[in-house]
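Enquirer: Listed here are the chains, written in short residue letters.
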Amino acid sequence: MNAQPPTLLERILKGKWIGKGFLLLVGLVVVWWVGGKALQSPSLFLQQIINGIQLGFVYALIALGYTMVYGIVRLINFAHGDVFMFGAFVSYFSVGLFQLHLWPVRVFPGLSPTAAIILGTVSVILLSMVSCAILAITIERIAYKPLRDAPRISALITAIGVSFFLEYFGALPFVFTPNFITYKRPFEIVTWYVKDGIHRLEIGTEAPPGSVIFSNVLIIIIIVSLILLVGLNYIVRRTKIGKAMRATAYDKPTSRLMGINVDGVISTTFAIGASLAGAAGVLYATAYPQVVFWMGIIPGLKAFVAAVLGGIGSIPGAFVGALIMGQAEVISAGYISTPMRDAVAFTILILVLLIRPTGIFGEPEREKA
Amino acid sequence: MLLEVRDLNVYYGAIHALQGINFCLEEGEIVTLIGANGAGKSTTLNTISGLLRPRRGQVLFRGKDITFTPAEEIVRMGICQAPEGRKIFANLTVMENLEMGAYTQSDKQEIQKNLERVFRSFPRLKERQNQLGGTLSGGEQQMLAIGRALMSRPQLLLLDEPSMGLSPILVEEIFNIIQEINAQGTSILLVEQNAQMALSVAHRGYVLETGKIVLEGDSSDLLDNPMVKKAYLGAH
Ligand SMILES: Nc1ncnc2c1ncn2[C@@H]1O[C@H](COP(=O)(O)OP(=O)(O)OP(=O)(O)O)[C@@H](O)[C@H]1O
Ligand SMILES: [Mg+2]
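First to last, the protein sequences are chains A and C. Note that our numbering has the first sequence beginning at 1, numbered continuously upward. Note that our numbering has the second sequence beginning at 1, numbered continuously upward.
Please keep in mind that the hints were generated in silico from the structure rather than gathered at the bench. Certain hints may be false.
Said to hold, decoys possible - Using 20 Å as the maximum straight-line C-alpha spacing, the simulated SDA-like pairs for lysine to any residue come out as follows: (1) A:Lys240 - C:Met95; (2) A:Lys240 - C:Gly217; (3) A:Lys240 - C:Ala90; (4) A:Lys240 - C:Leu132; (5) A:Lys145 - C:Pro70; (6) A:Lys240 - C:Leu92; (7) A:Lys240 - C:Asp107; (8) C:Lys212 - C:Val201; (9) A:Lys240 - C:Glu110; (10) A:Lys240 - C:Asn130; (11) A:Lys240 - C:Arg76; (12) C:Lys108 - A:Gly96; (13) A:Lys240 - C:Ile111; (14) C:Lys108 - A:Ile235; (15) A:Lys240 - C:Gln105.
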């Protein structure tokens with residue numbers, strides 16, 4: 001029997017501590033460096049945090065779809081970012097072409113303006129969510145379901161193929177066109193600045209130096225995301241379909257023995273994940289008001305990194321990972337240089353895969369069908 | 001006739017696991033299928049449950065052909081299995097596991113009544129209802145597996161080696177409960193390697209050897225059969 005615990009030297013040699021030590025070192029450097037910046041200009045720092053929260057919540061909504069689908073069919077659904085893009089375009093059309101956001105005013109002229117805006121915006125978001133859910137169920141039925149028993153790599157390659165298809169189909173001149181398109185928000189943007197209290201920032205004026213700015217877009221993103229997250233948590237924890245999703249993720253044959261329609265549960269999972277991505281698409285477009293056929297690629301990849309960072313398959317992991325990603329991105333973009341915002345995402349991915357592939361909340365892979 | 005299996009032939013790729021087996025089960029019976037490792041017992045149950053498809057042959061439930069009926073539909077029709085190795089959902093609580101057993105049921109009151117019945121048979125499960133399934137002991141997991149299957153209110157309960165890995169006392173307890181369940185009107189198809197125990201509770205039995213039924217009869221006759229004694233009861 002070899003019950004002796006390994007010595008420090010052995011552990012270092014085996015690399016067990018190199019990972020943790022390195023992580024600690026990187027962590028300290030980041031804290032020291034970001035802390036220094038924060039002390040230099042607290043308002044700028046606060047501004048970055050706010051921007052990061054806004055981004056992080058959008059990433060969280062996308063990351064949940066990756067993680068849920070992975071949890072149930074062990075597939076990295078690379079087409080997920082394009083579903084997000086589709087959601088943004090659906091809202092672009094519903095607002096710009098059909099003025100869906102104005103229906104409350106038209107149908108109930110007496111409605112208070114605030115209620116009308118909220119109702120209109122909610123309708124726009126819901127339409128995108130439903131459209132994305134339908135798109136995802138279609139993709140799942142056509143592309144992934146026939147490969148349910150095939151090696152995982154086949155489904156992965158198919159997912160990449162679906163992703164390209166959605167992008168280049170979207171790029172066709174009679175679909176979404178290859179150009180950037182200005183996005184019209186379903187509500188007017190209102191901005192406030194914080195300096196000795198909260199003040200409304202009039203359009204065309206500048207906030208005084210040293211103030212922190214935020215807009216109703218930020219508030220809407222946070223509220224909508226939180227509602228969806230709480231709703232998702234409720235579905236997964238409390239409802240029959242949510243429990244069936246967890247059972248199916250754990251063991252498909254036994255789930256079938258319980259009378260669970262496994263294919264239906266998988267479709268539902270895709271639909272829920274996609275509807276969250278659809279909502280994210282609308283929110284992202286209202287925050288960065290431009291849409292283009294490839295807009296899903298980078299947010300999709302970053303949400304994927306967030307899901308891996310949190311531990312793919314873990315729902316709280318996706319949320320935490322996404323908030324970290326949001327912060328990492330704005331801080332590196334704000335304090336180093338703008339292109340760093342993409343580089344930092346992939347640096348995080350590489351570090352996670354090297355040091356802790358299971359992510360923050362992940363458990364070691366169980367070999368399960 | 002509650003269940004009838006006719007000329008069942010099941011393959012895994014080139015492996016001919018079931019080579020034309022025939023057997024039946026009357027309403028109210030406990031019938032046992034005994035056989036050594038790899039005889040094809042689990043394959044038989046999984047084919048009845050709809051997880052496997054035979055290349056040839058038929059499964060009839062109350063005279064209706066269910067050979068190609070989807071697994072979830074078969075549960076709805078009244079056949080439920082407690083699979084080999086218990087297969088508890090380790091990431092769900094005991095209560096949630098039982099709820100999954102009741103997945104095909106929609107009448108809330110019926111579910112509640114049924115839950116109470118299961119808790120009466122397995123009081124241990126009630127104490128542990130909020131614990132994760134994966135944290136139960138082997139015996140408790142077996143109770144949960146049977147309880148979970150009962151939650152679908154089956155007319156026919158399929159049990160795959162419920163004695164596996166349990167202490168003799170627990171085996172005794174489980175088999176008593178199996179008899180009780182049967183007395184309350186559920187027919188049971190019991191797969192076992194523990195032939196002694198299985199034949200002592202079953203009405204009739206079939207002996208399966210490498211995919212073929214080699215012997216059948218009343219339990220008492222099988223218990224006295226010299227071949228069964230030699231091969232499965234450890235006598236000389
Ligand atoms: N998934 C599979 N792929 C290939 N062969 C299989 C598979 N499952 C079972 N077999 C083969 O089919 C035969 C019957 O297996 P089965 O599991 O039905 O036996 P069993 O009687 O339940 O045995 P045990 O008592 O060990 O559970 C065995 O020879 C086994 O090797
Ligand atoms: Mg078996």
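Enquirer: Take the hints in turn and mark each one as holding or not.
Expert: Here is what the structure says about each hint:
1. A:Lys240 - C:Met95: 12 Å, holds
2. A:Lys240 - C:Gly217: Since the Cα atoms of Lys240 (chain A) and Gly217 (chain C) sit roughly 44 Å apart, the hinted pair is violated (cutoff 20 Å).
3. A:Lys240 - C:Ala90: 17 Å, holds
4. A:Lys240 - C:Leu132: Holds, at roughly 17 Å.
5. A:Lys145 - C:Pro70: Within the cut-off at roughly 16 Å; holds.
6. A:Lys240 - C:Leu92: 12 Å, holds
7. A:Lys240 - C:Asp107: This hinted pair holds, its Cα atoms lying about 13 Å apart.
8. C:Lys212 - C:Val201: 23 Å, violated
9. A:Lys240 - C:Glu110: 16 Å, holds
10. A:Lys240 - C:Asn130: 16 Å, holds
11. A:Lys240 - C:Arg76: 16 Å, holds
12. C:Lys108 - A:Gly96: 47 Å, violated
13. A:Lys240 - C:Ile111: 13 Å, holds
14. C:Lys108 - A:Ile235: 19 Å, holds
15. A:Lys240 - C:Gln105: Cα-Cα ~11 Å, so holds.
The structure fails hints 2, 8, 12 (numbered hints given earlier, in ascending order).
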